[in-house]
Amino acid sequence: MFIGAIGCEPLQLRRVSLERSRTLDVYRRNGGYEALRKVLDGMSPDDVIGEVKKSALRGRGGAGFPTGMKWSFVPKDSPKARYVVCNADESEPGTFKDRYLMERDPHLLIEGMLIAGYALGARVNYIYTRGEYRYLIEIMDEALEEARTAGLLGDRVLGTDFNCEIYTHTGAGAYICGEETALLNSLEGLRGHPRMKPPFPAVAGLYGCPTVVNNVETLTAVPDIIKMGGDAYKALGTEKSGGTKLWSVSGHVARPGVYELPMGYDDMEKFIMEDCQGITNGRQLKAVIPGGSSVYIMPAEDIIGRDVRMDYEGLVAAGSMVGSGGFIVLDDTVDVFESTKNLTEFYKHESCGWCTPCREGTDWLVKVFKRIESGGGRPDDAQLLLDIVDNIEGKSFCPLGDAAAWPIQSAIKKFPEDFRRHISNGASGDGGKEGLPTA
Amino acid sequence: MSQQFTPNNPLPQEAKVPPKMAVFPPEVEAEIERHLAKYPVKRSAILPLMFIVQRERGGYLDPPGVAYLADRLGVRITDIWEVATFYSMINTEPVGRYHFQICRTLSCKILGAGKITEQCTKRLGIKPGETNDDGTFSLSEVECLGSCGTAPMMQIGFDYYENLTTEKVDELIEKCKSGELSNGVR
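Protein chains in written order, with our numbering: chain L, 51 to 489; chain H, 15 to 200.
If you are wondering where the hints come from, they were derived from the structure by calculation, not from laboratory data. Glycine is no exception: its CB is placed at the ideal position from the N, C-alpha and C atoms. The reader is advised that the hints may include incorrect statements.
[Said to hold, decoys possible] Using C-beta positions, here's what the derived DEER-type ranges look like:
1. H:184 with L:84: 45 to 51 Å
2. H:149 with L:188: 26 to 32 Å
3. H:85 with L:247: 49 to 55 Å
4. H:56 with L:420: 23 to 29 Å
5. L:60 with H:150: 41 to 47 Å
6. H:56 with L:429: 54 to 60 Å
7. L:130 with H:108: 41 to 47 Å
8. H:141 with L:60: 52 to 58 Å
9. H:35 with L:249: 36 to 42 Å
10. L:97 with H:149: 55 to 61 Å
11. H:188 with L:130: 33 to 39 Å
12. H:108 with L:84: 50 to 56 Å
13. H:85 with L:213: 32 to 38 Å
Chain H with its partners taken away, still in its complex shape (with noise of 0.2 Å):
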């Protein structure tokens, strides 16, 4: 029998057979330790830690991370899966190394967001919510990211791209896919 744990089929913690679980670097453990030093409660450093565990495996929160940060954190599987899919930060399927998130509220859409997203998907072959063939790209409408005043904006990552327009993003995706540009994941 294969293991299957997703959101809406949790492996229970008494579960026979225990999932695999990931391994860090001692670097990372390193990390780790000074963000779950911050807390008196270990649970607290869950988003922190969901963050390098999802750096580290891929983008997103595959089973072995998922198995480590319940364990790491003294708690369920299920309790990792109730947080990370409440936060949209949180991937809990694999995302492009490059992530487009175009911001689509007000101040951005009424400044030509809906333009960046066109040319975008023009570039790029996919729609928001997508990631193309080879895993290169993602493409997501994101909700306001507090970059109004610089408006229209996305970021790559955690990079923030602002006033942006059709020739920033072509100039942008040229150097993703030379790789000159940083994933901005970190």
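In isolation and in its complexed conformation, chain L is listed as follows (with noise of 0.2 Å):
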């Protein structure tokens, strides 16, 4: 698997390749904490939150916030507790580079943190780590206390009167929970179902506190933001994309991996053919899952002399999104009926059961797939599925629903011939075997 960057100097993985890459030693000898020490030597809080406005940094983690602006919606005047909370729930389909980024570069996102902390005044904070990354909790928990040990965590953070804690927190393998509400009703102790916004937990977040929750790319990306300044951070890319973005690049593709590319990557066929260095076995390209499971699926013309450029604008222009950067490749053994099967079923085990459209609409897309595939197909199943669909997207408490609806909308659109196909096997036969009603 190849970590590494592609048409830009590497930022965030600047030391993942090093050996000992993760411990202090490391960090510090290529660079590490001279952000921290830069913002303790003389910024104030609201320069911070300025740099990184300027930065046009937007959240990693999948909906693609600008950072600087939500950090600014902390009120500055209240007088509870703030806390930071890194989003470590790494769980979107397709979608593996803050396990890397963790793994490989721990101080990173501890200094990242302490950078955050500081901004907004938070003085205990929490990175929470979905269970299955058992791992990286012990690496990460293994870096704080080298942190803690050399004076760069607790008390009196390098001998000034800044006082920051990080802590681990263990998920439990639940989807839901990298949605920023439920994440902290699950780090409150309760089941991770999403709360009602507003308020915005830069208001009322964790223990009803101001919070600021940051997925692990976008806290890693901080500290470069502060050593050359959000202006130049933002030159790296776009004038509405800054700085570079990590693909997490799966599937049919010889050189699966990381990838660090500068936003507004040109293009996404050279991406493909060249850099992950073509499709496997000699197979045609068939499509692409840019941004994780939830985004629309890219048919092979929607890309191939295209010249989709690989930023926000320019995947949207394409008919899809950045979402997480989990780049999933399909060639054309693939069947998009069976693999938007394959995501529906993602969802229906992950919808949380708080609100009735997403908990019964996903229950229903997987039995109306399970008909078609059975066998039991109908002349209007397509419209059938377009149908449920339609009443979960926009109408589910949390974007879960909308992440269920999107592949689905996209794949019957983009791939009516294999839907066709299924359906068509059972449609002159004797119905469902389930008797489902057809409207």
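Two chains, two frames, some hints: make the complex.
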């Protein structure tokens, strides 16, 4: 598996290939904790937030919300404690970048969190890691202990009067806990149900206190933004999408891996065919799911010869989204009906059950998929799927419902033949085996 | 009357017969204390503590383990069940000593997860969702474990095994049978 940068100097992946990259010693010898020193030596919290705003950094977990703006929502006059919570619940199918950041460069995350803690006035902070990533929690605990011993964490950070503590926390197998309010409920020891917004976490988050929840990749971008300045960071990417982005590449490519690309990388075809070394076994490209399982699927004809720029605007123009950057490549052996069924089963399993459209809707979707697969397809089944999806999208309590809806909408639109083939297998037969209504 | 409390039939806190409570050795208590010290609210430690209790109680939250958690965290037994039944990694029933958890989601699926599951079924004699008779192996299909670039993959306990082939699966199973391989529980 490849880990590295293409089209730019490695920034977030600068140290990942060094020997003993996870140790404090190697981190410090390679520019580590210089940004924290710079912040504590004379930047005010507002200066820090200002640089992050200038950088045009957008949340790398999937939603792409401007990070500086999120930070500026934390009320300055609140008498309550504030919290920075790192979202390391990486669970979006196709996404595995945070894992390697934490595995190879844990101090980068610690430094990013310390700077965020300083900017937001947070003194106790948590890293919420998905339960399956236990080995990463162990790596982070070790790095935190190293930082504590070196005076970088705890009371009087680097000899200043800034106090800041960071603790690891474990999830226990729930995709929904990547949604920030569900994550906060989980961190409070509750079921991981999302909360009503507003109030947003910046105002009332963990324990009802102002809280900023940021993804690992977002927080690990912060030290470089401080070191080089927000403008310089932004200039690595485009006007609206600053800096670099990590893409987790999997599926039918010769060289899967974690790729750091400048925002606005030109273009997706070159990325797949040259950087990722093309499709395996001499097959043809059929489709790409570029931003994690929730985004619209892109057929090859929307990529080949289309000059798709890899950034927020470029992907929207091409009919999809950056999302988490979980880039799943599908060759022409893949049946998009089956791949969509696979993802729908994922969403059904991960629906938290809190709201009816998502809980019932994802269950019905899977039932219809199974009926079609078992030969019980009916002529209007594609429309039935779209109708169910229409009752979920925009009507669920949190974005998981939309995430379940989008893959189906785009798959039926872009690959109607794959659906038609399965549906027509049973269309002339005796109808469904589960007796579902057709509309 | 025997004590019955399950997720569907929780024992009320005010029940006359208090459930038997698990007792842990001092080093485990110290580990629990370290987790509790992280949070201003005890209940926040519920998931880390559940992992410890299930590790110490044979792989799942048995009734004395649940009673311990409720007491330690100052919550009701129903609160423990409420949380335990939400999270897929918290076991409310016994699992085998080696828990094979095979990723079934898209990237693993298109790169041969099905064959890996088949091989496990063939070699272990159990289907996904089952535990074998002597309790050595459990087999599960699970959702994306963030190992898509090294697919197909599975977790045994907390340990990752990536870029799997049927030969590698055979090897792993042999090592489990000989006790050479850690069961990845910690």
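Results for each hint:
no.	hint	result
1	H:184 with L:84: 45 to 51 Å	holds (50 Å)
2	H:149 with L:188: 26 to 32 Å	holds (27 Å)
3	H:85 with L:247: 49 to 55 Å	violated (35 Å)
4	H:56 with L:420: 23 to 29 Å	violated (43 Å)
5	L:60 with H:150: 41 to 47 Å	holds (45 Å)
6	H:56 with L:429: 54 to 60 Å	holds (58 Å)
7	L:130 with H:108: 41 to 47 Å	holds (44 Å)
8	H:141 with L:60: 52 to 58 Å	violated (45 Å)
9	H:35 with L:249: 36 to 42 Å	holds (39 Å)
10	L:97 with H:149: 55 to 61 Å	holds (60 Å)
11	H:188 with L:130: 33 to 39 Å	violated (56 Å)
12	H:108 with L:84: 50 to 56 Å	holds (52 Å)
13	H:85 with L:213: 32 to 38 Å	holds (33 Å)
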